[in-house]
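Use these hints to put chain B onto chain A, whose structure you have.
Heads up: the protein sequence lines correspond to chains A and B, in order.
Residues 1 to 293 in our numbering are what the first sequence spells out, letter by letter.
Residues 1 to 293 in our numbering are what the second sequence spells out, letter by letter.
Worth flagging that the hints you see were computed from the coordinates, not collected in a lab.
Every residue, glycine too, gets a C-beta built ideally from N, C-alpha and C.
It is possible that some hints are incorrect.
Below, a sample of chain A positions facing chain B; criterion: calculated Cβ distance under 10 Å [to be verified]:
#1 Leu122
#2 Gln159
#3 Thr244
#4 Pro246
The primary structure of each chain is shown beneath.
There are 2 protein chains.
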Amino acid sequence: MEPLVLYVLDLASGAAPDLALRRVPARETVLTATDLSATRGDGVFETVLVVDGTPQALEEHLDRFARSAALLDLPDPRRDLWRHAVLTAAAELGTLRPRAAIKFVLSRGDEAGDGAGTGWLLGFAPSAPPAAPPAPIDVVLLDRGYRHDVAQTSPWLLQGAKTLSYAVNMAALREARRRGAQDVVFVSSDGFVLEGPTSTLIVRIDGGYLTPPPDLGILPGTTQADVFAALRGWGEQVATRRLTVPDLLGADAVWLCSSTRGAAAVRSIDGTEFAVDDVLTERLRDHLDARRK
Amino acid sequence: MEPLVLYVLDLASGAAPDLALRRVPARETVLTATDLSATRGDGVFETVLVVDGTPQALEEHLDRFARSAALLDLPDPRRDLWRHAVLTAAAELGTLRPRAAIKFVLSRGDEAGDGAGTGWLLGFAPSAPPAAPPAPIDVVLLDRGYRHDVAQTSPWLLQGAKTLSYAVNMAALREARRRGAQDVVFVSSDGFVLEGPTSTLIVRIDGGYLTPPPDLGILPGTTQADVFAALRGWGEQVATRRLTVPDLLGADAVWLCSSTRGAAAVRSIDGTEFAVDDVLTERLRDHLDARRK
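Just chain A, with the same shape it has in the complex:
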């Protein structure tokens, strides 16, 4: 991962978007040791793919960003400001790389701050160009520890928010690597299939395409939404439905979707192998790459 461009936002002054954006060298230190992002993982973020200078599914990412902020009782992000910031950083990235990504972050701010929060955007690209086409991945199932309904019963657990407190997600990916796999699908303590640590699940069962519903305390996937829109346009059946582990292991084919990786085909889950539909995976990649909004 190579940092390319960095912008820090002025969230306190209410300035016009083009005046609230400060460009700084990408590797410069910009956070205090008392920023609540660093001391408490107390903030939210989004990562958006940038193709030829255009951020993909930006409005959907801004929607989810606002939803995450509300779940954490953070100030409502000024949509005009964040949109302008992402578009500015994306235009600059477009002059540097054909494919890149922007992570944008809102933290609760400095512990001794004014409550307006800290905001920044980092544009980055993979240090090495990705393999084309990417290899199908091996996945393990890991317990997320929560019942499927905690987002409703216990909102302070912040399930369904894309927070900076991702140590568990990172630990799950390390556990996957220890088991010889590359990724994870989380399962609720009562047996429902959820999502990956940084991805959304799509399965094909009996010819139809399914993804688990956000009311399980999972993130609504921006890439998964675009994949479903494409599949629908191609005449396929798509639906949002709860899935159990036996449902998943009995599926015809499985993908993990994320902004930076697109729709990644899954080769195995806990050793159960799946057919890899190269034709559809490639068609989805072409479709996602051709998005221009």
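Positioned in the frame of chain A, the structure of chain B alone reads:
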């Protein structure tokens, strides 16, 4: 909270402790936008009380720091280096305030870094002197969402590690304030009483003092350990034992222990009132304040 002194550690070079410590202005920006503390809450920390320049229970904090790092697969913290750093910062704090605290932090480091991690220590003091004696607190019970045994079954959930991913702990404290309380005791999804978001629970039942065991995926409390040592010295019965919600609500008296607040007496839990033992609470405060290691 007023930042007073800040030191950044050189974790990469293997330099001698006194050469690996860099003093910087306490409000200076020291972290990149790609530090994994800020982007993933991926790191561990300790907060130690400093009285007259002496850090309290330092070796116990260093033990727990190393345990947390191991649970996160972080590099084993160099004990000589961290001890030296805390003692250096504490000595300086002692010239500024009679009572202060040091938070010391190890993150996984910059996303594009060398794997050695980022380390820093912040010395701080309350902006206003605390009320003396502090008022007893009102507490609410909140579901932590996990079974009591996930630390054993699902170590990737990092229960029992003091991580930087504390957004849930902060959200729980906001929920307590919404309910008119000041603090929280977490309960496992199967009904065992755990700990506070930043504290350890002690209850008095039938004249004996009890605290829940760390195998429930909770932090071993450094202040609780010193309280138990004192109680034992005064001829009281102390024990580590699983407690249910009825056990807790039927207790004679309850305290929440933490480094910065000492043993805080609990006045009520979910509206159930407890006798406040002012004499013992004050005696414990005097005992904790008199520690000199």
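Checking each numbered hint in turn, tell me which of them this model violates, lowest number first.
Violated hints (numbers, rising): 3, 4; every other hint is consistent with the structure.
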